[in-house]
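Student: If you're matching them up, the sequences are chains A and B in order. For the first sequence, the numbering used here begins at 53 and goes up steadily by one. For the second sequence, the numbering used here begins at 630 and goes up steadily by one.
A couple of the hints might just be wrong.
As the list claims (entries may be wrong) - With a Cα cut of at most 30 Å, we get these calculated DSBU-like pairs of lysine-lysine:
id, chain 1, residue 1, chain 2, residue 2
1, A, K104, B, K681
2, B, K673, B, K648
3, A, K121, B, K669
4, B, K673, A, K152
5, B, K681, A, K152
6, B, K700, B, K681
7, A, K55, B, K648
8, A, K104, B, K700
9, B, K669, B, K648
10, A, K104, B, K638
11, B, K700, B, K673
12, B, K700, B, K638
13, A, K121, B, K681
14, B, K669, A, K152
15, B, K681, B, K696
16, B, K638, A, K152
17, B, K651, A, K121
18, B, K648, A, K104
19, B, K665, B, K696
20, A, K152, B, K700
21, B, K669, B, K638
22, B, K651, B, K665
23, B, K665, A, K55
24, A, K55, A, K152
25, B, K669, B, K696
26, B, K670, B, K651
27, A, K152, B, K665
28, A, K55, B, K669
29, A, K121, B, K670
30, A, K104, A, K152
31, B, K696, A, K104
Just so you know, these hints were derived from the structure itself, not from any lab.
Residues per chain are reported as follows:
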Amino acid sequence: DAKTTQPPSMDCAEGRAANLPCNHSTISGNEYVYWYRQIHSQGPQYIIHGLKNNETNEMASLIITEDRKSSTLILPHATLRDTAVYYCIVRVAFTGTASKLTFGTGTRLQVTL
Amino acid sequence: DTAVSQTPKYLVTQMGNDKSIKCEQNLGHDTMYWYKQDSKKFLKIMFSYNNKELIINETVPNRFSPKSPDKAHLNLHINSLELGDSAVYFCASRGTDSGNTIYFGEGSWLTVV
Numbered sequence: 053d054a055k056t057t058q059p060p061s062m063d064c065a066e067g068r069a070a071n072l073p074c075n076h077s078t079i080s081g082n083e084y085v086y087w088y089r090q091i092h093s094q095g096p097q098y099i100i101h102g103l104k105n106n107e108t109n110e111m112a113s114l115i116i117t118e119d120r121k122s123s124t125l126i127l128p129h130a131t132l133r134d135t136a137v138y139y140c141i142v143r144v145a146f147t148g149t150a151s152k153l154t155f156g157t158g159t160r161l162q163v164t165l
Numbered sequence: 630d631t632a633v634s635q636t637p638k639y640l641v642t643q644m645g646n647d648k649s650i651k652c653e654q655n656l657g658h659d660t661m662y663w664y665k666q667d668s669k670k671f672l673k674i675m676f677s678y679n680n681k682e683l684i685i686n687e688t689v690p691n692r693f694s695p696k697s698p699d700k701a702h703l704n705l706h707i708n709s710l711e712l713g714d715s716a717v718y719f720c721a722s723r724g725t726d727s728g729n730t731i732y733f734g735e736g737s738w739l740t741v742v
């Protein structure tokens, strides 16, 4: 699976958009970008995933550059409850039973008043 | 209804003891996992089972023995507990949606004294 690089920490004011970057310059054509987050003392939670096109769901938007070497997770109106560690993971689709998620160190997002 | 539930949530035990953590998912998924999160917050896969069969074993000491009595349950038994086993253990299961979303339990906090 391709390696990802994320800033270790970011701050965001409540109500503002949180833009979390992720670099994945060695991504292959069949690899997806997944985002998960882990709120303190809870299990990781799926947010969104994408291959080439930008994606949006009720939680966030995912913007993938045209060359697919980087992406940005956007939380449009961050709240205090969005304070968490956000993980960007790049991997092929789960095509086999031996598929797994490999977590890096992520970005610790602190949302402040 | 909790999708992936683990018991116990907290466990404090002495070195040398044997303990078990139970996990159940009510999502009808075939694939389940155990992850370990150490004190440095690094989340690492330990095991994966598919339909009661061991698929992934990430060089975990053989003191750790997963057991899957049926595809809805994946229990983790640990023999001869050591101080370094202190961690949060997360159970997870993998969906069959387009993103093969992985659903995590709330974690079991193990402290070995």
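Student: Against this structure, judge whether each hint is valid.
Tutor: Taking the hints in turn, this is what the structure says about them:
At most 30 Å may separate the alpha-carbon atoms for a hinted pair to count; K104 (chain A) and K681 (chain B) exceed this at roughly 35 Å. For the suggested pair K673 (chain B) and K648 (chain B), the alpha carbons sit about 20 Å apart, so the restraint of at most 30 Å is met. A distance of roughly 28 Å separates the Cα atoms of K121 (chain A) and K669 (chain B); the hinted pair therefore holds under the 30 Å criterion. Between K673 (chain B) and K152 (chain A) the alpha-carbon distance is near 10 Å, which keeps this suggested pair within the 30 Å criterion.
A threshold of 30 Å between alpha carbons decides the hint, and for K681 (chain B) with K152 (chain A) the separation of about 16 Å falls inside it, so the pair holds. Our distance criterion of 30 Å between C-alpha atoms is met by K700 (chain B) and K681 (chain B), whose separation comes to about 5 Å. With a C-alpha separation of about 35 Å, the suggested pair K55 (chain A) and K648 (chain B) falls outside the 30 Å cut-off, and the hint is violated. The hinted pair formed by K104 (chain A) and K700 (chain B) fails the criterion: a straight-line CA distance of about 34 Å is larger than 30 Å.
Between K669 (chain B) and K648 (chain B), the direct Cα distance comes to roughly 23 Å. Compliance with the 30 Å bound is thereby established for this hinted pair. About 39 Å separates the Cα atoms of K104 (chain A) and K638 (chain B), which puts this hinted pair outside 30 Å; it is violated. The suggested pairing of K700 (chain B) with K673 (chain B) holds, with an alpha-carbon distance near 22 Å, which does not exceed 30 Å. The straight-line distance between the Cα atoms of K700 (chain B) and K638 (chain B) is roughly 21 Å, inside the 30 Å bound, and the hint therefore holds.
Simply put, K121 (chain A) and K681 (chain B) have alpha-carbon atoms about 38 Å apart, too far for the 30 Å limit, and the pair is violated. For the suggested pair K669 (chain B) and K152 (chain A), the alpha carbons sit about 21 Å apart, so the restraint of at most 30 Å is met. Between K681 (chain B) and K696 (chain B), the direct Cα distance comes to roughly 8 Å. Compliance with the 30 Å bound is thereby established for this hinted pair. For a cut-off of 30 Å, the pair hint linking K638 (chain B) to K152 (chain A) stands: about 24 Å separates their Cα positions.
At most 30 Å may separate the alpha-carbon atoms for a hinted pair to count; K651 (chain B) and K121 (chain A) exceed this at roughly 40 Å. Proposed proximity of K648 (chain B) and K104 (chain A) is contradicted: the alpha carbons are some 45 Å apart, above 30 Å. For the given pair, K665 (chain B) sits about 16 Å from K696 (chain B) by alpha-carbon distance, which is consistent with the 30 Å threshold. Between K152 (chain A) and K700 (chain B) the alpha-carbon distance is near 17 Å, which keeps this suggested pair within the 30 Å criterion.
Distance hint between K669 (chain B) and K638 (chain B) is fulfilled; the C-alpha atoms sit about 19 Å from each other, no more than 30 Å. Distance restraint check for K651 (chain B) and K665 (chain B): the Cα-Cα separation of roughly 14 Å lies within the 30 Å cut-off, and the hinted pair is therefore satisfied. The suggested pairing of K665 (chain B) with K55 (chain A) holds, with an alpha-carbon distance near 20 Å, which does not exceed 30 Å. Between the alpha carbons of K55 (chain A) and K152 (chain A) the distance comes to roughly 14 Å, so the proposed pair stays at or under 30 Å and holds.
Pair hint K669 (chain B) plus K696 (chain B) holds up; C-alpha atoms about 27 Å apart against a cutoff of 30 Å. For the hint linking K670 (chain B) to K651 (chain B), the alpha-carbon distance of about 22 Å falls within 30 Å, and the restraint holds. Only pairs whose Cα atoms come within 30 Å are accepted, and K152 (chain A) paired with K665 (chain B) is accepted, the gap being roughly 14 Å. Under the criterion of a C-alpha separation no larger than 30 Å, the hint pairing K55 (chain A) with K669 (chain B) is consistent with the structure, at around 20 Å.
A distance of roughly 26 Å separates the Cα atoms of K121 (chain A) and K670 (chain B); the hinted pair therefore holds under the 30 Å criterion. A distance of roughly 21 Å separates the Cα atoms of K104 (chain A) and K152 (chain A); the hinted pair therefore holds under the 30 Å criterion. Taking the CA atoms of K696 (chain B) and K104 (chain A), the gap is near 39 Å; set against the 30 Å cutoff, the hint is violated.
Checked against the numbered hints given earlier, this structure breaks hints 1, 7, 8, 10, 13, 17, 18, 31; the rest are met.
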